[in-house]
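If you're matching them up, the sequences are chains A, B and C in order. Residues in the first sequence are numbered from 17 upward in steps of one, following my numbering. Residues in the second sequence are numbered from 79 upward in steps of one, following my numbering. Residues in the third sequence are numbered from 69 upward in steps of one, following my numbering.
Where hints are given, some of them may not hold.
[Stated by the list, open to error] Partial selection, computed: residues in chain C whose CB lies under 10 Å from chain A:
1. THR185
2. VAL188
3. GLU310
4. PHE324
5. GLU377
6. TYR380
7. ARG430
[Claimed, not checked] What follows is a set of in silico ranges between Cβ atoms, one per label pair, in the way DEER data are often shown:
8. A:MET140 / C:GLU457: 24 to 30 Å
9. A:THR55 / B:ASP343: 48 to 54 Å
10. A:ALA196 / B:ASN417: 34 to 40 Å
Since the hints were derived computationally from the structure, they do not count as laboratory data. C-beta atoms are modelled at their ideal positions from N, C-alpha and C, and glycine is treated no differently.
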Amino acid sequence: MSQRSALMGPALRMGGLVLALILLIVVGVATAGERFWSTGNLITVLSLAAVTGVVSIGMTFVITSGGIDLSVGAVVGLASVWASTLATQYAAEDYGWWVIPVTALAVGLVAGLINGLLVAYGKMPAFMATLAMLAAARGLAEIIAGRQTQIVDVEPFFDVFQARPLGVPTIVWIFVVVAAAGWFLLNRTTFGRRTVAVGGNPEASRLAGIKIKRHTLYLYGLAGLTAGIGAVILLARTTAGSSTHGTLLELDVIAAVVVGGTLLAGGRGTITGTVLGVLIFSTLTNVFVLNNLDSSVQAIAKGAIIVGAVLLQQWFASRERVSTT
Amino acid sequence: MTSSIVRTRRVSGAVVAAACAALVVAGCTSNEPRESEETATGPVTVTENDEPGDEVVIGFSAPAADHGWMGAITSAAKAEAEKYEDVDLQVAEGTNDVNVQISQIEGFIDQGVDAIVLLPFDGAALTDVALEAMEAGIPVINVDREFSSPFAARATVLGDNYGMGVSAGTYVCEQLGDNPDAVVAEIAGIDSLPLTQDRSKGFADALDDCGLDVDARVAAEFTVESGEEQTANLLSAEPKIDAIWNHDDDQGIGVLAAIENAGRDEFFLVGGAGSNNMMEEIQDPESVVKATVIYPSTQAADGVKFARLIAQNKNVSDLASIGVPRTVQLFAPVVTADNVEEYLPIGFDS
Amino acid sequence: MVDVDPSGVEQPLLRMRGIVKEFPGARALDGVDLEVRPGEVHCLLGQNGAGKSTLIKTLAGAHQPTAGEILIDEEPVVIANPVAALRLGIATIYQELDVVDGLTVAENIYLGHELATGGVSRRSEAARNTRKILDRLGHKEISPHREVGSLPAAGKQIVQLARALSRDARVVIMDEPSAVLDSEEVGNLHRIVRELTADGVAVVYISHRLEEIRQLGDRITVLKDGRTVAESLVVADTPTKELIQLMTGRTVEYAFPDRPGVAEDAEPVLEVEDLGLGTVFSDVSLTVRAGEIVGLAGLVGSGRSEILETIYGARRATSGTVRVGGKRLRPGVVDAAVAAGIGLCPEERKSQGLLLDEPVYRNITLSTFSRIARGGLLDEGAERAAAREQVEALDLRPAGVDRNARTLSGGNQQKALLARWLVHGCRVLLLDEPTRGVDVGARSEIYNLIRRLADDGAAVIVVSSEIPEVLGLADRVLVISDGKAVHEGPAREIDEHAVLDLVMEGSVA
Numbered sequence: 017m018s019q020r021s022a023l024m025g026p027a028l029r030m031g032g033l034v035l036a037l038i039l040l041i042v043v044g045v046a047t048a049g050e051r052f053w054s055t056g057n058l059i060t061v062l063s064l065a066a067v068t069g070v071v072s073i074g075m076t077f078v079i080t081s082g083g084i085d086l087s088v089g090a091v092v093g094l095a096s097v098w099a100s101t102l103a104t105q106y107a108a109e110d111y112g113w114w115v116i117p118v119t120a121l122a123v124g125l126v127a128g129l130i131n132g133l134l135v136a137y138g139k140m141p142a143f144m145a146t147l148a149m150l151a152a153a154r155g156l157a158e159i160i161a162g163r164q165t166q167i168v169d170v171e172p173f174f175d176v177f178q179a180r181p182l183g184v185p186t187i188v189w190i191f192v193v194v195a196a197a198g199w200f201l202l203n204r205t206t207f208g209r210r211t212v213a214v215g216g217n218p219e220a221s222r223l224a225g226i227k228i229k230r231h232t233l234y235l236y237g238l239a240g241l242t243a244g245i246g247a248v249i250l251l252a253r254t255t256a257g258s259s260t261h262g263t264l265l266e267l268d269v270i271a272a273v274v275v276g277g278t279l280l281a282g283g284r285g286t287i288t289g290t291v292l293g294v295l296i297f298s299t300l301t302n303v304f305v306l307n308n309l310d311s312s313v314q315a316i317a318k319g320a321i322i323v324g325a326v327l328l329q330q331w332f333a334s335r336e337r338v339s340t341t
Numbered sequence: 079m080t081s082s083i084v085r086t087r088r089v090s091g092a093v094v095a096a097a098c099a100a101l102v103v104a105g106c107t108s109n110e111p112r113e114s115e116e117t118a119t120g121p122v123t124v125t126e127n128d129e130p131g132d133e134v135v136i137g138f139s140a141p142a143a144d145h146g147w148m149g150a151i152t153s154a155a156k157a158e159a160e161k162y163e164d165v166d167l168q169v170a171e172g173t174n175d176v177n178v179q180i181s182q183i184e185g186f187i188d189q190g191v192d193a194i195v196l197l198p199f200d201g202a203a204l205t206d207v208a209l210e211a212m213e214a215g216i217p218v219i220n221v222d223r224e225f226s227s228p229f230a231a232r233a234t235v236l237g238d239n240y241g242m243g244v245s246a247g248t249y250v251c252e253q254l255g256d257n258p259d260a261v262v263a264e265i266a267g268i269d270s271l272p273l274t275q276d277r278s279k280g281f282a283d284a285l286d287d288c289g290l291d292v293d294a295r296v297a298a299e300f301t302v303e304s305g306e307e308q309t310a311n312l313l314s315a316e317p318k319i320d321a322i323w324n325h326d327d328d329q330g331i332g333v334l335a336a337i338e339n340a341g342r343d344e345f346f347l348v349g350g351a352g353s354n355n356m357m358e359e360i361q362d363p364e365s366v367v368k369a370t371v372i373y374p375s376t377q378a379a380d381g382v383k384f385a386r387l388i389a390q391n392k393n394v395s396d397l398a399s400i401g402v403p404r405t406v407q408l409f410a411p412v413v414t415a416d417n418v419e420e421y422l423p424i425g426f427d428s
Numbered sequence: 069m070v071d072v073d074p075s076g077v078e079q080p081l082l083r084m085r086g087i088v089k090e091f092p093g094a095r096a097l098d099g100v101d102l103e104v105r106p107g108e109v110h111c112l113l114g115q116n117g118a119g120k121s122t123l124i125k126t127l128a129g130a131h132q133p134t135a136g137e138i139l140i141d142e143e144p145v146v147i148a149n150p151v152a153a154l155r156l157g158i159a160t161i162y163q164e165l166d167v168v169d170g171l172t173v174a175e176n177i178y179l180g181h182e183l184a185t186g187g188v189s190r191r192s193e194a195a196r197n198t199r200k201i202l203d204r205l206g207h208k209e210i211s212p213h214r215e216v217g218s219l220p221a222a223g224k225q226i227v228q229l230a231r232a233l234s235r236d237a238r239v240v241i242m243d244e245p246s247a248v249l250d251s252e253e254v255g256n257l258h259r260i261v262r263e264l265t266a267d268g269v270a271v272v273y274i275s276h277r278l279e280e281i282r283q284l285g286d287r288i289t290v291l292k293d294g295r296t297v298a299e300s301l302v303v304a305d306t307p308t309k310e311l312i313q314l315m316t317g318r319t320v321e322y323a324f325p326d327r328p329g330v331a332e333d334a335e336p337v338l339e340v341e342d343l344g345l346g347t348v349f350s351d352v353s354l355t356v357r358a359g360e361i362v363g364l365a366g367l368v369g370s371g372r373s374e375i376l377e378t379i380y381g382a383r384r385a386t387s388g389t390v391r392v393g394g395k396r397l398r399p400g401v402v403d404a405a406v407a408a409g410i411g412l413c414p415e416e417r418k419s420q421g422l423l424l425d426e427p428v429y430r431n432i433t434l435s436t437f438s439r440i441a442r443g444g445l446l447d448e449g450a451e452r453a454a455a456r457e458q459v460e461a462l463d464l465r466p467a468g469v470d471r472n473a474r475t476l477s478g479g480n481q482q483k484a485l486l487a488r489w490l491v492h493g494c495r496v497l498l499l500d501e502p503t504r505g506v507d508v509g510a511r512s513e514i515y516n517l518i519r520r521l522a523d524d525g526a527a528v529i530v531v532s533s534e535i536p537e538v539l540g541l542a543d544r545v546l547v548i549s550d551g552k553a554v555h556e557g558p559a560r561e562i563d564e565h566a567v568l569d570l571v572m573e574g575s576v577a
């Protein structure tokens, strides 16, 4: 009995998310018909989900391990700016378009590793360390950009990132690949197992011989790396780098991850849930715009979804506990 | 508050050093263009008012220069002040925190400056402290966002937000007037700001005059990212559009990117504010951008000029009346391919 | 049962009858009787795990008894929560002094029943009352406005006592109050206790120090295995020897496996030399040979668990060395210890050992999944197989390896932890309280398992509060008292009384 419910729990939770998404889709079709249910619009929904989606994958790992990264939005901004300075663009013209994405990824990775060092070895609470990074990265981005929008003018870069292989934009493919890789990493590798173990019981993991400090460092590095990928996607979509890129992105990302079913306290994470959470928010925005509704109403709906999802999570959790004792 | 700003800077300085070291391969952060460009300086008209007078100290406070137009506001004000050897412009660090801005004005009052030029982040929130300054005998020149009391400013320089909407709407009417079924879309800025509401109202009123209305409207946040996101959704929602007005040329970069991504060109786009980038688009016959409505980024510079005149008890030379006017509302002209050359010098970089 | 009170005229203030407290999988109290009279110091005596803490918590309203009744002034009462206990006049002073360091003395004393009018605190009145109470306790020198964090342990205890008095407590329960004090402070504490009893307050006093009980106590109740084995003995009439016998007398006999003895030439696997950890313990040296079980006996707080954790690297030693198979370990690095073949089953299984919401097999392979994996890819099939093998060998029930660890009973959780190190393969196994919370039947199984591990060549150290367990299981015993090894010798050559004597000797204030 209890064993069955332990297996049913995640399936039920996921079922709830799928149901919510289907409900939104039904509302979309009912109110906007073919304007909603068209290939073009569905691709728009996915394209808009790409940045939040990719960064949410990294965040899922951090939250599963019991941490939090508030700096991802600012790091997206910093990486987008760094990868679009004239110096970087000239280098991209001289050596190849790859200079831009590599720079963004490197900036994201280094920022993430600094977070990781502060949390794992500096023993700072993740909330404070990443809050500091949020402020510093945003400030640095403003200094580098001189508070100006940096327009990217490297055609080969757009040839790659604005292409549509098989009719689907490259950035959507990037989201799909990152999500698949994240799922594999979390569920099928020792890295993922360590992440869950550290989040579930850091002391037990340490006493079992897991190098939790080093693992924590990697986790924040991973989150920074996904922020770097997010910056590349934003560069491709907006054709510009800006210190305002990624403003408040961290909140959308955390909301998507938690609504997806990853425990904010750590110890349980689900990439599938995160992807569903991202798609729910992205579809919600789309349905509201299609119906020409006020963005303020949309914000209220978003809040209601977060509250509903978290209440549902707690309800499932308490049921699980009752059925197992 | 100032000390915390300084501290943030110091932290970022350390990060610059660390990150630069780590990213030597990736190239650093220079934004120097390869070929140096001659910076064009506009003609300076000299009137007798420009003759040096008594030394005046002017306090200047504006929101954070987090987008191109606001950056241009501050640099134009500084440039204007530099033209006068009798002006000492004290520029407070731009901030979007009304509490910080209030304390900056209090600082100016304590310091006993001769005049204050204030572009408030929120007009209503800064009214009290502006009144305080006026009562202390310091003339306040209110720029762009109006105070809630007429006594809080000696002079007010306003852009014409409603007029911007009217200009954009009138232009759209001229282009589409003969087609009452034409689909018109609007990409607004931050919806909670009065200026956005004024612009939208002017736009709707002008369209109404020629039998059109706004069929779809989204609100972005003056940032590239939000402009792209909102436009992508908008384009998805409306399979065929005839005209779009975008309130703000800074977010316009994102708007254009979304249009490009969607591969759409059946409509024309009207911008707002007047950035160099948009003016270059107007010059390109292939571009969907056909016009932009100027929202002068020189209004704080006008404010500085007025502050100097008021402090020195001078008059505006081309006016017959005595004294600097109470309110000046600037013109919101439409820039098209026909007159773009004329406006390029006052364009700003996003 | 001995009841020595011929007169019986005085009505008891507090009486507990047949108190039973059950926790899931364990019966902590199994029939406790206690009778406390006004103005007496009633000592509660018992070994670790005898049920004293549970009893205190029942009186303080933190636990609800499963059966039995509590009477105050011969009236049955229900103590639903800590506030109800205070209202009934029962105040508890816990060993871990629960004061709020950031608040002043007066604020602490009136914490939870602030003197206030419409939310505004009456500070001067609180200060005045506080001064009065402190005066009564003979500590005029403590200012009501002083921050409690700046007081020494003794001062904090005074604040707690004052808090009890501010509530007009009639029964004050003190859990090992002398453990944190030096001898002068202990004298002072005794004086205060006597003054309280002179005022008619009853004190329930818990201490391990027999000498202290002799000095202070009026009557003694002895607990053993959750039961009252002797009620209200008059201190003056009861010899120490009898008390020790009462505390240790067997009620349940465990079956211990045979000790085959360790070969003379067995190689030393674990060598610990002059190990120390700050002020917690020092100069601990021991050698464990392959196939040998060494037991550490001592009271809670004597440093036993810390010794294990320091050997393991979970705490960084401040002095001394640990060698495994002749190779020195880096201090303070757990993964180095694990790599060298040391495994630890920690004292707090739930907080230190298990991932409660993860399947059993992942708990069992927590230290080996990386090794089982191929190139970073998990091999859950192989993990399940390895776990299933151990689950069968250890008779872990229920046998499914996919259920969450939370659903297992204490004994089976312990087996899962042992299984973890069996899969890993250990040269040295450190077991901290391996049978805590494990029911009697499962204990023998765990003893057999530990012995089998040793027979297979592991060097084992067992820490336990239960002296018979250490003596029955181990080949050699180290007696730990106040962070020092006070005795080392073969387990056969020492009995429980001798160990208790060693543990209590010299620690009298």
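message: Tell me the hint numbers this structure goes against, listed in increasing order.
response: 1, 2, 3, 4, 8, 9 and 10
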